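Participant: Here's the letter readout for the chains.
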Amino acid sequence: MKFAVRLFARARDLAEAERVELELPEGARVGDVRAMLGERHPALRPVLPSLLFAIDHEYAGDSEPVPQDATEIACFPPVSGG
Amino acid sequence: MKFAVRLFARARDLAEAERVELELPEGARVGDVRAMLGERHPALRPVLPSLLFAIDHEYAGDSEPVPQDATEIACFPPVSGG
Amino acid sequence: MHRLTRDPIDHAALTESVRATDCGAVVLFLGTVREMTDGRRTVALDYEAYPAMAETELAKLEAEARAKWTLGEIAIVHRLGRLELGDISVAVAVASPHRQAAFEAGKFLIDELKVRVPIWKKENWADGTTEWVHPESEMTNECRNDEFPNDH
Amino acid sequence: MHRLTRDPIDHAALTESVRATDCGAVVLFLGTVREMTDGRRTVALDYEAYPAMAETELAKLEAEARAKWTLGEIAIVHRLGRLELGDISVAVAVASPHRQAAFEAGKFLIDELKVRVPIWKKENWADGTTEWVHPESEMTNECRNDEFPNDH
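Chain order of the listed sequences is F, S, Y and W.
Going letter by letter, the first sequence gives residues 124 to 205 in the working numbering.
Going letter by letter, the second sequence gives residues 124 to 205 in the working numbering.
Going letter by letter, the third sequence gives residues 37 to 188 in the working numbering.
Going letter by letter, the fourth sequence gives residues 37 to 188 in the working numbering.
It should be emphasised that the hints constitute simulated quantities derived from the structure, not laboratory data.
Treat the hints with caution; some may be incorrect.
Think about it this way: if two alpha-carbon atoms lie no more than 27 angstroms apart in a straight line, the pair counts; the simulated BS3-like pairs of lysine-lysine are [what the hints assert, rightly or not]:
no., chain 1, residue 1, chain 2, residue 2
1, Y, Lys-104, Y, Lys-158
2, Y, Lys-158, Y, Lys-96
3, W, Lys-150, Y, Lys-104
4, W, Lys-96, W, Lys-150
5, W, Lys-158, W, Lys-104
6, Y, Lys-150, W, Lys-104
The model shown is predicted, which means the values in this text are computed figures rather than measured ones.
Hey, can you work out the whole structure from these sequences and the hints?
Facilitator: As structure tokens, this is what we get:
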């Protein structure tokens, strides 16, 4: 299954990409997405453990499966608004 | 020693007076002022225990002596600003 | 800065007056005239103060807040006279480098103002009656060291 | 009400928008661009958001605040783009019948906004360098149930 992962802030700057296309096997979990991003973009590795993920605008932990019908996966550093 | 006690809010309305002239003996305490106000203005008696006193703009408890050089004594109900 | 005034309170100007580039946080509190109190309808409030002592107490509150927290400007304004529904009776604005301090100081200032600063409100109820609001203040016990012997 | 905007935040209008005669208390919080951070001088901040998710999280915050406290109107505005020293980056206004609730809800909303809503700031330091601000967020541990095996 093909997914585009949107990157924000420093994650986007390090990867030099606004989105990364990934081919996810069925049953893939968020942790797998994290690992694949590190492989695809080695520049992300220093911050990889701290990156946060969201599926369809909801935070998702490493153990959560990526639903086949997910329409948007996002990856970003800890937030710093306010 | 003669003192004028300023009254505020409901205390003033009940006594129907903005100030009460009192002759205080030397060594008189705030509690004595409270008692004398009740004698002078019986209408104050229902609220007398709850009335607060200030000497020269500082709160003063019943046990505090009234200084001979006090320039202003005030008496008023619990505050309700804000 | 603290002030008693008979004019409407300009909360925007008060907020602007405490903003500064060394303070990343501003907290503004407004107290406004509420329509319903304990099920009764208010049409207006009359505020009265003991002005000289109110100023003294407000200055103490400012000093106490500065002793507790790192603060920039503080602005407290209390309105006096006749206030209609929705009018602002009191405004407290505090700036601080840190938001926690700004919130805590703002809360401290309004909480203490309400129990210590000699200002009183009189309710003008919709049924035509009036009534002074005189809560059993915490000051009562705090300030009276002796029990006063009274006949009721 | 919550909004992301690239325009300057009008705190006076925001405060007015939550005032009501059934709410005697209004608390406004403003976050502004501070000049000095940990001894370094800032000349500007750039704010970026993941807008759709930020809106979702802000809506959740509003709902959570309403579940915890009796509140009137809530207004939250976060600015995006380039902000200069002293500019307002975020404003939270809350009205309530009671001041305790207004303070607690205001503090809750800004505290939670800062750890949950996907917005990021980039420092533009006076020395010409830039730097994303990415605190070790509490979300990191909260949302990652598994330890991710990584090679560093």
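Participant: Now tell me if each hint is right for this structure.
Facilitator: Comparing the hints with the structure gives:
{"no.": "1", "hint": "Y:Lys-104 with Y:Lys-158", "verdict": "violated, 33 angstroms"}
{"no.": "2", "hint": "Y:Lys-158 with Y:Lys-96", "verdict": "holds, 25 angstroms"}
{"no.": "3", "hint": "W:Lys-150 with Y:Lys-104", "verdict": "holds, 25 angstroms"}
{"no.": "4", "hint": "W:Lys-96 with W:Lys-150", "verdict": "holds, 14 angstroms"}
{"no.": "5", "hint": "W:Lys-158 with W:Lys-104", "verdict": "violated, 33 angstroms"}
{"no.": "6", "hint": "Y:Lys-150 with W:Lys-104", "verdict": "holds, 25 angstroms"}
Of the numbered hints given earlier, the model fails hints 1 and 5; all others are met.
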